[in-house]
Amino acid sequence: MSESQAGRRVALIGNPNTGKTSLFNTLTGMRQRVGNYAGVTVEKKTGTWQLPNGQAIELIDLPGTYTLSATSLDERVAVDVITGHGMGSNAPDLLVVVVVDVENLRRNLFLASQASELGVPMVIALNCWDVAEKKGLQIDCKLLEQRFGVPVVPTVAKRKSGTVELAKAVEKAIKTRPTLVRPKWPEPVQKAIKTLHEELVTQRGEALREGELQRLLFDRRSAVCERLKTPAAEHQPIIAAVRDQLYKDGFQPDAAESTLRFRFLNPLLNDVLERQAAMKKRSKSESIDQLLLHKFWGLVVFVGMMFVVFQSVYTWAGPVMGLIEGGVGWMQGIASEALVATPMLQSLVADGIIGGVGAFLVFLPQILVLFFFISLLEASGYMARAAFLMDKLFQWCGLNGKSFVPLLTSFACAIPGIMATRTINDNKARLITILVAPLMSCSARLPVYLLMIGAFIEPRYGPGVAGATLFAMHFIGAFVAAPFAWVLNKTVNKGRKPEPFVMELPHYRVPQIKLVFHRMYESGKEFIIRAGTVIFAMTIIIWALLYFPRPAEIEANVTAQYIGQITEGALSEISGEILLDAPRATELEARIAASYLEQSYMGRFGKFVQPVFAPAGYDWKITVGVLASFPAREIIISTLGIIYSLGGEIDETSDDLRSTLGNARWESGPRLGEPVFNIPVALSIMVFFALCMQCGATLAVIAKELNWWWSLGSFVALTSLAWGAAVAVYQFGMLFA
Amino acid sequence: MRLNQIKKGGLFRVKDLNCCNDCVSRLMSMGLLPDQEIRLVHEAPLGDPIAVEFNGCHISLRLEDAAHVEVEPI
Numbered sequence: 005m006s007e008s009q010a011g012r013r014v015a016l017i018g019n020p021n022t023g024k025t026s027l028f029n030t031l032t033g034m035r036q037r038v039g040n041y042a043g044v045t046v047e048k049k050t051g052t053w054q055l056p057n058g059q060a061i062e063l064i065d066l067p068g069t070y071t072l073s074a075t076s077l078d079e080r081v082a083v084d085v086i087t088g089h090g091m092g093s094n095a096p097d098l099l100v101v102v103v104v105d106v107e108n109l110r111r112n113l114f115l116a117s118q119a120s121e122l123g124v125p126m127v128i129a130l131n132c133w134d135v136a137e138k139k140g141l142q143i144d145c146k147l148l149e150q151r152f153g154v155p156v157v158p159t160v161a162k163r164k165s166g167t168v169e170l171a172k173a174v175e176k177a178i179k180t181r182p183t184l185v186r187p188k189w190p191e192p193v194q195k196a197i198k199t200l201h202e203e204l205v206t207q208r209g210e211a212l213r214e215g216e217l218q219r220l221l222f223d224r225r226s227a228v229c230e231r232l233k234t235p236a237a238e239h240q241p242i243i244a245a246v247r248d249q250l251y252k253d254g255f256q257p258d259a260a261e262s263t264l265r266f267r268f269l270n271p272l273l274n275d276v277l278e279r280q281a282a283m284k285k286r287s288k289s290e291s292i293d294q295l296l297l298h299k300f301w302g303l304v305v306f307v308g309m310m311f312v313v314f315q316s317v318y319t320w321a322g323p324v325m326g327l328i329e330g331g332v333g334w335m336q337g338i339a340s341e342a343l344v345a346t347p348m349l350q351s352l353v354a355d356g357i358i359g360g361v362g363a364f365l366v367f368l369p370q371i372l373v374l375f376f377f378i379s380l381l382e383a384s385g386y387m388a389r390a391a392f393l394m395d396k397l398f399q400w401c402g403l404n405g406k407s408f409v410p411l412l413t414s415f416a417c418a419i420p421g422i423m424a425t426r427t428i429n430d431n432k433a434r435l436i437t438i439l440v441a442p443l444m445s446c447s448a449r450l451p452v453y454l455l456m457i458g459a460f461i462e463p464r465y466g467p468g469v470a471g472a473t474l475f476a477m478h479f480i481g482a483f484v485a486a487p488f489a490w491v492l493n494k495t496v497n498k499g500r501k502p503e504p505f506v507m508e509l510p511h512y513r514v515p516q517i518k519l520v521f522h523r524m525y526e527s528g529k530e531f532i533i534r535a536g537t538v539i540f541a542m543t544i545i546i547w548a549l550l551y552f553p554r555p556a557e558i559e560a561n562v563t564a565q566y567i568g569q570i571t572e573g574a575l576s577e578i579s580g581e582i583l584l585d586a587p588r589a590t591e592l593e594a595r596i597a598a599s600y601l602e603q604s605y606m607g608r609f610g611k612f613v614q615p616v617f618a619p620a621g622y623d624w625k626i627t628v629g630v631l632a633s634f635p636a637r638e639i640i641i642s643t644l645g646i647i648y649s650l651g652g653e654i655d656e657t658s659d660d661l662r663s664t665l666g667n668a669r670w671e672s673g674p675r676l677g678e679p680v681f682n683i684p685v686a687l688s689i690m691v692f693f694a695l696c697m698q699c700g701a702t703l704a705v706i707a708k709e710l711n712w713w714w715s716l717g718s719f720v721a722l723t724s725l726a727w728g729a730a731v732a733v734y735q736f737g738m739l740f741a
Numbered sequence: 000m001r002l003n004q005i006k007k008g009g010l011f012r013v014k015d016l017n018c019c020n021d022c023v024s025r026l027m028s029m030g031l032l033p034d035q036e037i038r039l040v041h042e043a044p045l046g047d048p049i050a051v052e053f054n055g056c057h058i059s060l061r062l063e064d065a066a067h068v069e070v071e072p073i
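Order-wise, the sequence lines are chains A and B. All residue numbers for the first sequence refer to our numbering, where the first residue is 5 and numbers rise by one. All residue numbers for the second sequence refer to our numbering, where the first residue is 0 and numbers rise by one.
Think of the hints as simulated: they come from the structure by calculation, not from any bench. Some hints here could point you the wrong way.
As the list claims (entries may be wrong) - Coverage of chain A stretches by chain B, computed from C-beta distances (three or more under 8 Å per stretch; other residues unrestricted):
1) 106-119
2) 149-155
3) 194-206
4) 392-402
The beta carbon of each residue, even a glycine, is placed where N, CA and C say it ideally should be.
Could you put together the complete structure from these sequences and hints?
And the structure:
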């Protein structure tokens, strides 16, 4: 590869729903990389595109956008990349392929025309050619090429047709560098640009192209401002003055660009396409929407659809999760046996490493199923309808309809939920959605509910109340989330202007199964990389805190004490060496494990912190359980199992654990001898788990999507909230207990 | 008459837009300009947001934003 070829980049830009990503996938195959643009959370997708002449092109899939007036992050990234600022270095070798939806030619070419002002060579891909042909839309490509001055290639990304022609056109365009014809701006606009050039470029040395100056002139809050070296106090008045002058000259700056650019485009599109009488004839999508957006039936279908999604998440993923759990247990067994000679290594490998990997791998099936449905709904066009139906419910607390799906997803797991917030282009709504997502009751909390309800609620009040409690626990977080979002909206978001909620309801499409699976695969991979590594690391740390220190005398002491107890009773089988029967040996082992845990750093820390949790009714053992489950909630089950000395394999349905918890007594303090667990304590534990931010992986994802401060803030806020609620529930409950 | 007041069924023409509203300037760059024909296609269950059609595409917007677009029946 020669040097001139190495840096060759092509960016795909286009409106949302033009099949741009589909084209990107077709052109790059599986050779893609997904990352983030520096400093912003817009997804950056790049891939390698092999041209017929053997040249390898770096293909960039820019976020779908209607305009370059960079108010949202997506648009800002698009401008940055096209002007060569988004990819780390200047990109004089960038070529832009504008993906144009034949059905909305005029609106799509508006974006192309904006991009052309930035001086980049361009090729137009007329996508969805098949749909247009079916609808009787005739487009004269030759005429379009002639008038706009750039190659125009019809493509159907889905069927890979036109991709060879597109590659050839790009090959040629890299040499000839064709640029789209640009409008001749009226005198006042030209004057304004000239003034800006004089003030900013000539006098202050800003590196701005004419297209960027246009952005500063036409956009009220252009993101280009953020790149200026000149301080805001200095450049803002300059821009304001120029815009004022433009207004005096008869052009309202906010409306000037759309008005003038469409005025320029309209005659160029004359005779290019035969337009059908769209306004009168109902499209197929509109007929479908008569049902799906119906005031009553639309909601019925929506609720039904969400029910099916969730049912599938549990039923499809359930068996696979069981298999994974079984597999993890099996591997732990093998590892334990193999390493029996080195107890520390045995515990590290079996409990720490294999247990840690298992702890997050077990959620992978659910996440894959969820993402299967999310991409299915997105690709079909239904997602926008869901947002449309739900918007009003979310408006009052600063969210919008697009928050619905991420929040719903969070009921399975907050991590894919938070990842799914990227579809919310309003940053303000996105921030709040991310911060309340961990309050949705994820599936990792379910084992805790099942244990507490099974052990305490059901035996006393019967299955009816047990079911109702389970249901209530699932929604307590959502009830708290609403006022929490409202408060966030009034405090941290104060003064931020919301993005306009303007959303296209795209035509329904039959989803491409291949793309749906591809998306599912990408999300699964991202989950493993993002969440997996964090959960894994934290599990090892927690393992170490629970394991060390490990003085050998503990084992001896416990054994001696145990033997002493037995001898007092009915033990007579001493013949030089002490031999215990199998159940007694197991019990002794469990007691040793429990003593070690009590002596461990985590055990000591639990005792130290216990007074904080005393108002919520927790003894030091529950406190250790709560603390140990901060990296991941499900850890509490196994920790409680060890600490109440049951040892080994424990799950939430284990009868032993339930009865042991029921028999646990206070060992000291004012309630000495009383049962540790009663109804208020059980409820208090459940409420704590429902509200608390006990998930290291979620914190890591929040940090990735926002930053570590938000992550830390949400940790502190949700943990205090959970503590407060747990204390309130316990204290209130004790009045009736 | 404003866009938030129109009923289903009729065809309308855009008379004027308040381009100081962010939502409206977004709509303008999507091609909603004076003289554009527009009609209401859907209302969400609680009456807000609404979906309108112009230029063959369906766009949803909130009533408070729609109030910034002035229309007249054709």
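Closer than 8 Å, Cβ to Cβ, for at least three residues: run that test on the segment 106-119 of chain A against chain B and report holds or violated.
Coverage by chain B holds for the segment 106-119 of chain A (5 residues, Cβ < 8 Å).
Coverage claim, chain B over the segment 392-402 of chain A, checked by counting residues with Cβ within 8 Å (three needed)
holds (count 6)
Do at least three Cβ atoms from the segment 149-155 of chain A come closer than 8 Å to Cβ atoms of chain B?
Since 0 is below three, the answer is violated.
How about the segment 194-206 of chain A: do at least three of its residues have a C-beta closer than 8 Å to a C-beta of chain B?
Since three or more residues must qualify, the claim that chain B covers the segment 194-206 of chain A is violated, with 0 doing so at under 8 Å.
In terms of the numbered hints stated before, the structure departs from hints 2 and 3, listed from lowest to highest.
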